[in-house]
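Chemist: Taking this note's numbering, the leading residue of the sequence shown gets 1, the next gets one more, and so forth.
Hints were generated in silico from the structure; no laboratory data involved.
One should not assume that every hint holds.
[Said to hold, decoys possible] Simulated pairs of lysine-lysine, DSS-like, Cα-Cα distance not exceeding 27 Å:
1. K52 / K92
2. K22 / K92
3. K15 / K92
4. K52 / K22
Small disclaimer: the values here were computed from a predicted structure and weren't measured.
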Amino acid sequence: MTILLNRVISVCERKTSMRLAKSEWYILDRICVRENLRRNQLLQLIDQHRDKNIGLTPAVRLFSLLYLHDLARRNLNYSYAPDNSTISEALKEMSF
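Sequences are here, hints too, so could you generate the full structure?
Modeler: Structure representation (structure tokens):
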């Protein structure tokens, strides 16, 4: 059974709630560690780059998938070294 967790988040100075699976929160936090960002900073970037026809929660899921796919495509180990090109690529691909 998948455990879903609701969290109150702050994006662009507005509070909202987001419901993701426990593993999705974990991946999001690992991306933040790797990119040296706070979670609300990453969520703000995703919010600014998402298609406005897509809600924030699906946009976060899409971003995470694209980010991890880009790492796999580059055949990199999932290290904790910041890599702005990976985050930029994932944000760019979200707009399609």
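Chemist: Each hint should be assessed against the structure and marked as holding or not.
Modeler: Structure-based check of all given hints:
1. Pair hint K52 plus K92 holds up; C-alpha atoms about 14 Å apart against a cutoff of 27 Å.
2. For the hint linking K22 to K92, the alpha-carbon distance of about 26 Å falls within 27 Å, and the restraint holds.
3. Between K15 and K92 the CA atoms are separated by roughly 25 Å; this keeps the pair inside 27 Å, and the hint holds.
4. Simply put, K52 and K22 have alpha-carbon atoms about 25 Å apart, close enough for the 27 Å limit, and the pair holds.
When each numbered hint is compared with the structure, no violation occurs for any of them.
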